[in-house]
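2 protein chains.
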Amino acid sequence: MIKLENGWTTTPQGFEAGAAMAGVKKEGRYDVSVIYSSVPAACGAVFTQNKFCAAPVLLDREVNKGAYAQAIVANSGCANACTGVKGYEDAVAMQAKTAELLGIEPQAVFVCSTGVIGAFMPMERINKGIEEAIDVMDENGGEIAAMGIQTTDTVIKHIAYEGEIGGKKVRFGGIAKGSGMIHPNMATMLTFITTDAAIAPDVLKRAVKKAADLSFNMVVVDGDTSTNDSMIVLANGMAENEIIVSEDHPDYPAFFEMLLACAKDLAKKIAYDGEGATKFLEVKVVGAKDFADAKKAAMAIAKSPLVKTAIFGEDANWGRITCAAGYSGADLDPEKASLTMGGVRLFENGLNNNVADEIMEPIMAQKEISLVMDLAVGEAEATVWTCDFSYDYVKINGDYRT
Amino acid sequence: MIKLENGWTTTPQGFEAGAAMAGVKKEGRYDVSVIYSSVPAACGAVFTQNKFCAAPVLLDREVNKGAYAQAIVANSGCANACTGVKGYEDAVAMQAKTAELLGIEPQAVFVCSTGVIGAFMPMERINKGIEEAIDVMDENGGEIAAMGIQTTDTVIKHIAYEGEIGGKKVRFGGIAKGSGMIHPNMATMLTFITTDAAIAPDVLKRAVKKAADLSFNMVVVDGDTSTNDSMIVLANGMAENEIIVSEDHPDYPAFFEMLLACAKDLAKKIAYDGEGATKFLEVKVVGAKDFADAKKAAMAIAKSPLVKTAIFGEDANWGRITCAAGYSGADLDPEKASLTMGGVRLFENGLNNNVADEIMEPIMAQKEISLVMDLAVGEAEATVWTCDFSYDYVKINGDYRT
Numbered sequence: 006m007i008k009l010e011n012g013w014t015t016t017p018q019g020f021e022a023g024a025a026m027a028g029v030k031k032e033g034r035y036d037v038s039v040i041y042s043s044v045p046a047a048c049g050a051v052f053t054q055n056k057f058c059a060a061p062v063l064l065d066r067e068v069n070k071g072a073y074a075q076a077i078v079a080n081s082g083c084a085n086a087c088t089g090v091k092g093y094e095d096a097v098a099m100q101a102k103t104a105e106l107l108g109i110e111p112q113a114v115f116v117c118s119t120g121v122i123g124a125f126m127p128m129e130r131i132n133k134g135i136e137e138a139i140d141v142m143d144e145n146g147g148e149i150a151a152m153g154i155q156t157t158d159t160v161i162k163h164i165a166y167e168g169e170i171g172g173k174k175v176r177f178g179g180i181a182k183g184s185g186m187i188h189p190n191m192a193t194m195l196t197f198i199t200t201d202a203a204i205a206p207d208v209l210k211r212a213v214k215k216a217a218d219l220s221f222n223m224v225v226v227d228g229d230t231s232t233n234d235s236m237i238v239l240a241n242g243m244a245e246n247e248i249i250v251s252e253d254h255p256d257y258p259a260f261f262e263m264l265l266a267c268a269k270d271l272a273k274k275i276a277y278d279g280e281g282a283t284k285f286l287e288v289k290v291v292g293a294k295d296f297a298d299a300k301k302a303a304m305a306i307a308k309s310p311l312v313k314t315a316i317f318g319e320d321a322n323w324g325r326i327t328c329a330a331g332y333s334g335a336d337l338d339p340e341k342a343s344l345t346m347g348g349v350r351l352f353e354n355g356l357n358n359n360v361a362d363e364i365m366e367p368i369m370a371q372k373e374i375s376l377v378m379d380l381a382v383g384e385a386e387a388t389v390w391t392c393d394f395s396y397d398y399v400k401i402n403g404d405y406r407t
Numbered sequence: 006m007i008k009l010e011n012g013w014t015t016t017p018q019g020f021e022a023g024a025a026m027a028g029v030k031k032e033g034r035y036d037v038s039v040i041y042s043s044v045p046a047a048c049g050a051v052f053t054q055n056k057f058c059a060a061p062v063l064l065d066r067e068v069n070k071g072a073y074a075q076a077i078v079a080n081s082g083c084a085n086a087c088t089g090v091k092g093y094e095d096a097v098a099m100q101a102k103t104a105e106l107l108g109i110e111p112q113a114v115f116v117c118s119t120g121v122i123g124a125f126m127p128m129e130r131i132n133k134g135i136e137e138a139i140d141v142m143d144e145n146g147g148e149i150a151a152m153g154i155q156t157t158d159t160v161i162k163h164i165a166y167e168g169e170i171g172g173k174k175v176r177f178g179g180i181a182k183g184s185g186m187i188h189p190n191m192a193t194m195l196t197f198i199t200t201d202a203a204i205a206p207d208v209l210k211r212a213v214k215k216a217a218d219l220s221f222n223m224v225v226v227d228g229d230t231s232t233n234d235s236m237i238v239l240a241n242g243m244a245e246n247e248i249i250v251s252e253d254h255p256d257y258p259a260f261f262e263m264l265l266a267c268a269k270d271l272a273k274k275i276a277y278d279g280e281g282a283t284k285f286l287e288v289k290v291v292g293a294k295d296f297a298d299a300k301k302a303a304m305a306i307a308k309s310p311l312v313k314t315a316i317f318g319e320d321a322n323w324g325r326i327t328c329a330a331g332y333s334g335a336d337l338d339p340e341k342a343s344l345t346m347g348g349v350r351l352f353e354n355g356l357n358n359n360v361a362d363e364i365m366e367p368i369m370a371q372k373e374i375s376l377v378m379d380l381a382v383g384e385a386e387a388t389v390w391t392c393d394f395s396y397d398y399v400k401i402n403g404d405y406r407t
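Going down the list, the sequences are from chains D and H. Here our numbering is used: the first residue of the first sequence is 6, the next is one more, and so on. Here our numbering is used: the first residue of the second sequence is 6, the next is one more, and so on.
Source of the hints: derived by calculation from the structure; they are not laboratory data. Any given hint could turn out to be false.
Remember, identical chains collapse to one label, so a pair may be satisfied in a single copy or spanning two.
Only pairs whose alpha carbons sit at most 27 Å apart, straight line, appear in this in silico DSS-like list of lysine-lysine [what the hints assert, rightly or not]:
| # | residue 1 | residue 2 |
| --- | --- | --- |
| 1 | K372 | K400 |
| 2 | K341 | K210 |
| 3 | K173 | K31 |
| 4 | K341 | K91 |
All chains should be built: construct the whole structure from the sequences, respecting the hints.
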């Protein structure tokens with residue numbers, strides 16, 4: 006498979022997209038997006054576990070019970086969360102409006118919102134935005150549709166892959182938004198992935214769950230899991246490969262590989278674009294008892310404000326990293342554990358390796374930093390992606406609403 | 006009981022303390038402290054759960070298996086954590102040196118260290134410090150002993166209470182250090198509480214555990230649980246009250262009330278002095294299914310960087326607070342939950358109460374802010390104390406070692 010750097014959700018066959026500047030956010034910014042498949046597509050989605058989940062998430066859980074869907078309508082600027090019955094009615098109205106204009110059934114339309122919590126949707130603007138987005142919708146609309154779901158994002162996150170499945174050329178395209186409230190169990194994160202590969206809906210649903218667990222659920226910016234997080238995948242089958250009817254089908258591995266590649270790339274882009282981030286940090290934990298323990302330790306390290314501020318300060322402060330592993334609850338052998346940063350072993354057999362600051366300085370000055378913590382009790386491993394914690398994180402979040 | 010604002014661990018009868026400037030920290034700062042009871046004292050202690058716990062914690066767990074102890078030796082500047090066998094030998098040497106100079110058994114001496122992780126103890130300086138601290142030790146040494154355990158603390162945390170137990174005047178005195186790595190299960194936190202009340206060692210040990218759970222384990226600054234956290238209580242019985250031999254003894258409630266008051270006061274002082282803190286936040290969760298759920302929700306709110314930066318920005322951003330409760334895992338009724346801040350109901354029955362910014366401005370401008378989140382599913386409650394997240398937190402922790 007090859008990565009298509011300029012790919013979008015419109016890169017696979019049969020997908021169109023459009024967006025409008027509806028005035029939900031500041032003027033001059035896209036804030037309503039529509040993605041559409043010209044034929045019904047197998048759908049699979051995963052959503053936030055937050056108990057105050059947003060109205061559109063409640064609605065989308067119903068849509069996802071169906072086998073096929075054909076469109077996604079999304080807005081930024083207003084999260085439609087903590088909005089009660091009226092919020093739910095507004096999400097239903099967005100769904101109905103989109104379905105009507107596209108000439109499809111309402112239950113074939115996913116609805117997503119992201120932005121401020123607790124405000125009601127400006128439905129007049131939203132409806133006008135849906136009309137405009139559908140008016141301009143075409144095969145080149147991938148980029149503006151991606152722009153329409155941004156909030157505090159500083160870069161547009163998108164990716165596409167092209168490969169072969171069962172002798173047919175297939176493509177996957179994805180977009181994502183999210184930079185704050187990023188945490189496992191899907192944070193203020195919207196991800197839409199489209200593909201023209203053919204796959205049975207039940208197989209797709211399981212593949213999406215598995216891909217999310219290995220990608221978006223391994224990213225943490227601040228540990229806050231939002232009300233709106235959604236990952237939605239549409240597979241419309243227009244590549245005409247033999248339909249993948251089970252995980253045992255010979256083409257399933259190729260399908261999953263491309264889906265996971267899209268999801269991982271987008272997940273890493275979210276960590277790169279963490280609010281106020283100046284550095285990207287890959288935390289790999291090895292030698293764990295099991296995957297759950299490896300993830301627990303990696304997450305504790307990646308979430309620690311002390312670790313994240315040290316990375317910001319370009320300080321190879323391994324004590325804070327081992328300390329976080331120590332309180333994570335993961336099994337470890339304190340007398341055999343070790344830690345490397347940028348390939349340099351800072352901590353070995355439970356002891357300081359006394360690496361000179363001069364050796365670590367150029368490593369810590371890099372934009373991308375990786376560390377490997379060995380818990381020394383087993384064979385399991387897990388990798389988590391995060392970013393540092395800077396003055397700008399405080400600035401962005403201490404002053405978000407004004 | 007009455008609070009003695011100028012109280013220390015030397016306020017109860019029979020306790021002395023001293024400290025020395027041994028050069029473990031920067032010159033001119035106290036960094037080795039000794040607290041001593043002229044008679045053996047019932048002892049009770051709780052320690053960090055971190056798997057990379059420091060050498061002195063390993064040693065103190067042994068001391069705490071005994072019924073009585075008579076001294077605490079503590080240093081700041083070096084945590085003696087991640088220091089392996091040599092670190093343990095150093096802790097044993099500190100214990101032996103202190104015991105020898107005081108003429109008591111080594112197993113009657115608790116050893117505590119706090120400071121940088123991964124460095125070996127400068128034992129020559131430490132030994133000289135112990136000698137000097139014991140040389141100057143007297144009934145007025147409480148304040149310098151408190152100074153000797155500070156690291157990034159900006160204020161000296163101390164408290165004392167005087168009350169009556171069984172017709173006798175009793176006193177409790179406590180000191181604490183800690184401002185970063187503050188989190189339940191005891192963070193970079195040292196607390197020493199002394200009392201002249203008489204209590205059986207087994208009853209004291211249980212009381213200390215219970216008091217810690219309701220005080221220090223309800224404080225969070227950054228979510229990092231350190232390698233060294235210790236709370237040690239010595240009760241020497243010199244007040245000559247009838248010894249409290251069980252929780253059913255009529256004087257137990259009075260004893261526990263004073264112990265808890267000391268512990269809570271010190272815990273709140275730690276939150277007030279959180280690294281870079283500009284505001285103190287009390288998070289009370291009510292209407293929870295049980296205490297564990299109430300604590301879970303309160304902790305999620307208190308740990309959320311998004312909530313903490315909003316408090317710093319004086320922004321009554323209730324959406325982030327309800328969002329944190331929502332992802333905490335605690336049971337809640339999203340359609341009945343409510344939230345008040347500074348007594349103003351911002352969120353009611355799952356909906357925005359549309360409180361005007363003008364009403365919240367003076368509340369958010371205060372130094373102390375309290376919020377009450379009602380989960381609306383039960384009767385249990387829990388209160389957690391924390392502070393805001395400021396530019397200075399990033400500054401202090403991005404630049405700690407230089």
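Hints versus structure:
| no. | hint | in the structure |
| --- | --- | --- |
| 1 | K372 x K400 | both (21 Å within a copy, 19 Å between copies) |
| 2 | K341 x K210 | neither (41 Å within a copy, 33 Å between copies) |
| 3 | K173 x K31 | neither (44 Å within a copy, 70 Å between copies) |
| 4 | K341 x K91 | between (57 Å within a copy, 15 Å between copies) |
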